[in-house]
Amino acid sequence: MNAIVISALLGVLMMLSGLFFKRSAAIQWTAIAGSAILLIGSILELIPAGQNKMFYGMLELHHVSSWFNVLMSACVMLYILLFHRSIAKVGRNDAEYFALIFFVMCGIYLMSMYSNLLILFLGIEIMSIPQYIMAGSDKENIKSNESALKYFLMGSFSTGILLMGITLIYGATGSFDLLSPKFTAVFQSGADPSSLAMIGVLLLIVAFGFKTSSSPFHFWTPDVYDGSPTAFTPFMASIVKVGVFMAFIRLFHLSFIQMASHWQLMMALMIALTLLIGNITAVYQQSVKRMLAYSSIAQAGFMLFAVFSTNQTAWDGMMLYSVAYTLSTLGIFAVLIKMKDYTYDGFKGLGKKEPVLAATATICLLSLAGIPLTGGFFAKYFVLNAAMEQGLWIALIIFAVLMAAVSAYYYFKVIMSMYFYEGDAELTEESNAVEKTLMIMNAVLVILLGVMPGLILNH
Amino acid sequence: MLILLLILFPLLGGILIWLLSDKLASIAALFVSIVVMVLSLVVYNQYHHGLHEELIYQQPWISQLGATFSIEISNGLPLLMVMLTGFVFPLIIGAWYNKPIEKASRFYGLMFMAQAGLMGVFLAKDALLFYVFWEVALIPVYFLSSMYGGARRIPVTFKFFVYTFLGSLLMLVAFLYIYQQTPIHSFSWDSLVSTGKSISPANQQWLFWMLFIAFAIKMPVFPFHTWQPDAYEQSATPVTIVLSAIMVKMGLFAVVRWLLPVLPDGVKYWMDVVMWLSVAGIVYASCMAMVQTNIKRLIAYSSIAHIGLMAACLFAPNADYLSVQGAAVQMFNHGINIAGMSIIVGILEHRLGTQQLDEMGGIAKIAPYFTVGLVLISLANIALPLTNGFIGEFMMFNGLFNADSKYRVWLTVLAGLGVILSAVYTLTMVQKVAYGPLKTTSMGFTDLELNEKIVVILILLVILILGFYPKYLLELVNI
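From first to last, the protein sequence lines are chains A and B. Each step along the first sequence adds one to the number in this note's numbering, with nothing skipped, and position 183 is 183. Each step along the second sequence adds one to the number in this note's numbering, with nothing skipped, and position 250 is 250.
Hints listed in this document are in silico derivations from the structure and should not be mistaken for laboratory results. Predicted model, so just to flag it, every value in this text is computed and none were measured. For glycine and all other residues, C-beta sits at the position ideal for the given N, C-alpha and C. One or more hints might be untrue.
What the hints assert, rightly or not - Which residues of chain A face chain B? A few of them, derived with a C-beta cut under 8 Å, are:
(1) L384
(2) A405
(3) A408
(4) F420
Using the sequences plus the hints, can you model the full thing?
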């Protein structure tokens, strides 16, 4: 409850801070302090085991979700620390940008704690609407406008589908409450649910597919991620996406697990398609930013494995993937945003010019590619292990590792540009000592996760 | 605890050297490499005297998975590989001591990280740990080969990287599958071996390829070899030595440790196919070696041929495991010989600025010491009796001929062809480089300098001592 209330209050506070503070630096510091308070708040409600019900049973803070909230609060703090200067520079309304970030966080907390489909809907909306604004916040840039419009149209379309799914499920069960006897009688009795309920679940998969940018519902992703201001893309591509996945896995593993045989085949197809389209298309990109947009589709394919595999390992994999993927994405975007030229050529010679930036980018890219001793390896390892535990889906796993090898191709192209080719990578601005320290810290965290993944799993 | 140092010392040494200035880097690198060599000798001494408790190190690592950080020298093969890794690095660094290397601190830093990874591969007794080291050894070599070497080095190295990365991912899937079958969910070698046997033969058959492709790419066995000649040619010669002397042995080593005992039914089903592939590789690579005009490519193909023989022998089962023992001995000796050969070639390349054979000639007239080294190392490469290459090759052919396969005679004959062809292309190369009229392009060649002399003499000593008196080697592989 702390996290939800604090993030919502911080959102309001940040909006007002624009009135009180004339200097952008003061606003930025307020945001940083706010994110620290948010982190402390979510640490305070950390529960070691079991669950707490809140708001008359509308929310249920599971021990996993409490830990997830802490991790996401930490990640958003890191995000604000790394990007606050760039966020403030996107346009004139710097206070509002930070307010939007906190509102999105409020939605993410709701999505990790809901135990009622209404709250799920609320969470997704609270998370989505600020993002439409963020995507279009670079008002003079036509690509930013395009991405906002696209995001809004596609997003509201998928929200409609989500709502339809929830309605059908309500029709079949007579309840929105995931834990109510009426609800569990339909979905967890062991018997096949009615076709009404099945279609409802199907629509939910489609809606979640949209929000997590899984194929064949991914079409908005590249344009939105590419067109949005670079300061906001890492936030959308990492923390937000991971939050939706948490809602996804929560619903399907806690409520629809009995009918897993009905949706697993569909999800397997989605995984295969997402991995194929994400990876193959990423290979052909010229711009690193656009490549990262496609790669985030590809990574979603791996995260889908966690939803797909209905076992405990999948939850471990989800947690690990969330953090490793978020850290790596933040790290690589922190470097990208300093570059003048987003093409591969623009990175040439960065290794010589800015060793710290290049090393951070390298470690984050290695992690995204899933090389051992980085967090990304164990993230991929756990989700694949979870799928292996299911058995019978080995062909899909082999396909996934083949696609992981393809992904190494485009991630390493950046590394090759940075270190092996001559050139003078032009920067928009020098990064100061604090930012460099943060980048090093980020890289160290990625490696730490790769050596001791247990740090995250023990909770 | 002692064997942990084998990994930790090069790792920390590498990081420290990276922080040093370029001037200090070579001397520091020489020091670190010699210490590692001494460590490997100490380990040998412990093993020789049966002090096995010093040769095991275990720590809990990821308890949720049943993965432990467990390294161990359980028999002679890992020990041989550790010694090879320990020996080759001081030879490389010694031979390049007088040659300028751009950004030497970075170069040697990465080299020692690779050494740490290689040591880990040979020591790991836990499948997940093995996988991690397998990749970790690759990354520094990827950077080294991409940053130092010929004009086409970047795409060539990238091809090598993608190939091996793909293979290792397949290996990971196979390990995951076997891991899921283990009763206590453990990655330890023992549990993998005991579980692997009970997997149904049909499943072992596809698991076999998942593991074998990973190892075959590394060795490389025909037809997975296409990355190799390019990579050897384009990488800087010190890196080529690491690749050819040690890294390719990872594949062979992994077959012995992680394939033969874990999937016996799969091996039995596919061994004929693998032996035929390996032998085809021997013939193909030998023929290719004969027509090469680039000396580094020639050595690359000759290496494929030699590795092909070892690979065939690993899959040639017979009662006394003679062929496997022979291959184990040869893995060590081939490592020494190819390191020697590449050092010789590296000296040629450095002095003459070319890798083309037809620009070399008559060097014997102006560089007698060099020629002695070249000839003796070449003879060892052909496995002439009284050189170290002979004993292993003899055991391998003996084993292959007695193999439990209906094609054994054909396989032996074709593999034997490889030996004859090996004499042809190696001696042709010696002749072209050292004899004949002195070519103008080779005029400026100067004989070995002091550090090069020491290195070459050390290699010759190993070649001759192990050729005359291979008892210590044979003791180690006596399974």
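Hints, verified against the model:
no.: 1; hint: L384; in the structure: holds, 6 Å
no.: 2; hint: A405; in the structure: holds, 4 Å
no.: 3; hint: A408; in the structure: holds, 5 Å
no.: 4; hint: F420; in the structure: holds, 5 Å
Every hint from the earlier list agrees with this structure, and none is contradicted.
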